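A.B. asks: Each chain, letter by letter, is given below.
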Amino acid sequence: MTDAMQSDTDEVFREIRALLEAHNANRIEIGEDTDLSADLNIDSVAAMDLLMNIEDRFEIDIPLNLVGELRSVRDLAEVVRAQLKDG
Amino acid sequence: MDILDKYDLIAKRHSSLLEVGNDPFAVRMDRVLSATEALVNGRRTILAGTNNYLGLTFDPECIAAGVEAMQSQGTGTTGSRIANGTYAMHRALEQAIASFLKRRRAIVFSTGYQANLGMLSGLAGPHDVIYMDADSHASIYDGVRLSGAKIIRFRHNDAADLDRRLARSEDEGACKLIVVEGIYSMLGDKAPMKELAEVKRRHGAYLLVDEAHSLGVLGEHGRGAAEEAGVEEDADFVVGTFSKSLGAIGGFGAGNHPKLDVLRFNARAYMYTASCSPSTVATVSTALERMQASPELQKKLWSNANTLYRALIELGYEICSPASPILAVRLKDEATAVWVWNRLLQSGVYVNLALPPGTPNGACLLRCSLSAAHTDDQIEEIRRHFAAIMQDLPLADEEATAGRARA
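Heads up: the protein sequence lines correspond to chains U and D, in order. Heads up: take any position in the first sequence, counting from 1, add 7, and you land on this note's numbering. Heads up: take any position in the second sequence, counting from 1, add 955, and you land on this note's numbering.
Some clues are possibly wrong.
[To be verified] In silico EDC-like links for lysine to aspartate or glutamate, alpha-carbon gap of 20 angstroms or less:
id	chain 1	residue 1	chain 2	residue 2
1	U	Lys92	D	Glu1125
2	D	Lys967	D	Asp1288
3	D	Lys961	U	Glu76
4	D	Lys1057	D	Glu974
5	D	Lys1214	D	Glu1183
6	D	Lys967	D	Asp978
7	D	Lys1214	D	Glu1244
8	D	Lys1254	D	Glu1175
9	U	Lys92	D	Glu1127
10	D	Lys961	U	Asp42
11	D	Lys1057	D	Asp960
12	U	Lys92	D	Glu1049
13	D	Lys967	U	Glu76
14	D	Lys961	U	Asp46
15	D	Lys1214	D	Glu1049
16	D	Lys1255	D	Glu1273
17	D	Lys1254	D	Asp1331
18	D	Lys1254	D	Glu1127
19	D	Lys1255	D	Glu992
20	D	Lys1149	D	Glu1183
21	D	Lys961	U	Glu39
[Said to hold, decoys possible] Which chain U residues stay away from chain D? Per the calculated CB distances, all over 12 angstroms, these:
id	residue
22	Arg21
23	Ala25
24	Arg34
25	Leu43
26	Asp46
27	Ala53
28	Ile67
29	Asn72
30	Val74
31	Asp82
32	Asp93
[Said to hold, decoys possible] Okay, the calculated beta carbon distance ranges per label pair:
id	chain 1	residue 1	chain 2	residue 2	range
33	D	Lys1287	U	Asp50	38 to 46 angstroms
34	U	Arg78	D	Pro1213	39 to 47 angstroms
35	U	Glu76	D	Thr1330	51 to 59 angstroms
36	U	Glu76	D	Ala1342	32 to 40 angstroms
37	D	Pro1213	U	Glu18	33 to 41 angstroms
38	U	Glu76	D	Asp957	45 to 53 angstroms
39	D	Leu1270	U	Glu76	17 to 25 angstroms
40	D	Asp957	U	Asp93	36 to 44 angstroms
The set of hints was computed from the structure by calculation and includes no laboratory data. Only a predicted model underlies this, so the values are computations on that prediction, with no experimental measurement involved. All residues carry an ideal CB built from backbone N, CA and C; glycine is no exception.
Generate coordinates for the entire structure from the input sequences, incorporating the hints supplied.
C.D. replies: Written out as structure tokens, the structure reads:
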């Protein structure tokens, strides 16, 4: 199974991908390895807004302390899964 | 790889600003003439972006006190508050601030930035949770990071969002600290203090209010947004600055907590920096007295703010918030904002240009701040230049297009 196919089976990934489409100006295929900054041009401020939308969608809080570590869609999905588990 | 390569994109953006005209982030005041005027590029310029809300920077009593203190106690303390940098006057200023705010204790820091750094990193620790407004000032972002606490941001001025987040993390952390500002510096909007205080009470959290832009501006006595909303009891900690209404530099943290003074040997921003110079302490102490003795300053400030607000709205400008001493004029994009900012400066009016990422929601703003020292004629002159620019705004689009073509 490819990475993309595996991701597709994951609800969290699908929801995040849907929210990321708002930032996907170049209409690239968003996978787990997609880089938030390099591939989607999400700067630090846009990332803050995106995170708030993700927090609302999943009803979780993503502490600011974790934000600096988020590079790829995979990182983002992992943080969301971890917070869902904690909550 | 060069160590400064990481800034290439932002440096390029800066260069494109310079093509349009003056460097908005390096305006040189050749000579400051008064609280509201300076010579810039050889031109007499009205200052309408200096946070000098009460116009006390040239107050004769403040200046006399500063001169006297420098003559009698020297140019600087050359030491930190915990070594040789606490003079009788530093302690007296702390008492004066505490008494003005009706709080038991106040701690003076060397800048407003350091006051937030010291108070936030001192109050909260790795086992606590901080809930901060998303539009907070950089000093708050830096202070909460230094604390090591878990940091949760809530939507700007949204007490219901804060409530939800507090409810979600009910069992987390040893202590919970909510951090808000009285007036937000970029858009000039006020915090909904009553609603925030109610949420704070419900969840048993502490509340810190940064009154940097609201001290001397809001509340019958000028104590800020919490006074205006009648919720000072709920504001456990107050932070403020001396560099706006009080016309100098420095900052403070205050509160009724019996152990607050423990921060004096736990807040690094207090401990590891030189204390305010004697002349600064003297001018701030006098400005605090002048502010309390002159409630008409706050009235004049608001009258100026309301006049310019109404005028700008009438001209068709979009102002981000209801009338306040900070009027953020929203323009449609960066090129237009830069063009209007340059036109204003060339006409003899200085305001702040504020661009993303330093602004909320990607807004491109001309941030005007009013002063009690602005005369009616100056307000009218500012209005007149905004009016002339409005006539030419379509030109801004053409010039912006030409600028992009050049780039």
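A.B. asks: For each hint, tell me whether it holds in the structure or not.
C.D. replies: Structure-based check of each hint:
| no. | hint | result |
| --- | --- | --- |
| 1 | Lys92(U) <-> Glu1125(D) | holds, 16 angstroms |
| 2 | Lys967(D) <-> Asp1288(D) | holds, 17 angstroms |
| 3 | Lys961(D) <-> Glu76(U) | holds, 18 angstroms |
| 4 | Lys1057(D) <-> Glu974(D) | violated, 51 angstroms |
| 5 | Lys1214(D) <-> Glu1183(D) | violated, 27 angstroms |
| 6 | Lys967(D) <-> Asp978(D) | holds, 13 angstroms |
| 7 | Lys1214(D) <-> Glu1244(D) | violated, 27 angstroms |
| 8 | Lys1254(D) <-> Glu1175(D) | holds, 10 angstroms |
| 9 | Lys92(U) <-> Glu1127(D) | holds, 14 angstroms |
| 10 | Lys961(D) <-> Asp42(U) | holds, 17 angstroms |
| 11 | Lys1057(D) <-> Asp960(D) | violated, 50 angstroms |
| 12 | Lys92(U) <-> Glu1049(D) | violated, 47 angstroms |
| 13 | Lys967(D) <-> Glu76(U) | violated, 26 angstroms |
| 14 | Lys961(D) <-> Asp46(U) | holds, 17 angstroms |
| 15 | Lys1214(D) <-> Glu1049(D) | holds, 16 angstroms |
| 16 | Lys1255(D) <-> Glu1273(D) | violated, 23 angstroms |
| 17 | Lys1254(D) <-> Asp1331(D) | holds, 14 angstroms |
| 18 | Lys1254(D) <-> Glu1127(D) | violated, 45 angstroms |
| 19 | Lys1255(D) <-> Glu992(D) | holds, 18 angstroms |
| 20 | Lys1149(D) <-> Glu1183(D) | holds, 10 angstroms |
| 21 | Lys961(D) <-> Glu39(U) | violated, 25 angstroms |
| 22 | Arg21 | holds, 23 angstroms |
| 23 | Ala25 | holds, 20 angstroms |
| 24 | Arg34 | holds, 21 angstroms |
| 25 | Leu43 | holds, 15 angstroms |
| 26 | Asp46 | holds, 16 angstroms |
| 27 | Ala53 | violated, 8 angstroms |
| 28 | Ile67 | violated, 7 angstroms |
| 29 | Asn72 | violated, 6 angstroms |
| 30 | Val74 | violated, 9 angstroms |
| 31 | Asp82 | holds, 18 angstroms |
| 32 | Asp93 | violated, 9 angstroms |
| 33 | Lys1287(D) <-> Asp50(U): 38 to 46 angstroms | violated, 20 angstroms |
| 34 | Arg78(U) <-> Pro1213(D): 39 to 47 angstroms | holds, 46 angstroms |
| 35 | Glu76(U) <-> Thr1330(D): 51 to 59 angstroms | holds, 53 angstroms |
| 36 | Glu76(U) <-> Ala1342(D): 32 to 40 angstroms | violated, 50 angstroms |
| 37 | Pro1213(D) <-> Glu18(U): 33 to 41 angstroms | violated, 50 angstroms |
| 38 | Glu76(U) <-> Asp957(D): 45 to 53 angstroms | violated, 26 angstroms |
| 39 | Leu1270(D) <-> Glu76(U): 17 to 25 angstroms | violated, 47 angstroms |
| 40 | Asp957(D) <-> Asp93(U): 36 to 44 angstroms | holds, 42 angstroms |
Comparing the model with each numbered hint stated earlier shows that hints 4, 5, 7, 11, 12, 13, 16, 18, 21, 27, 28, 29, 30, 32, 33, 36, 37, 38 and 39 do not hold.
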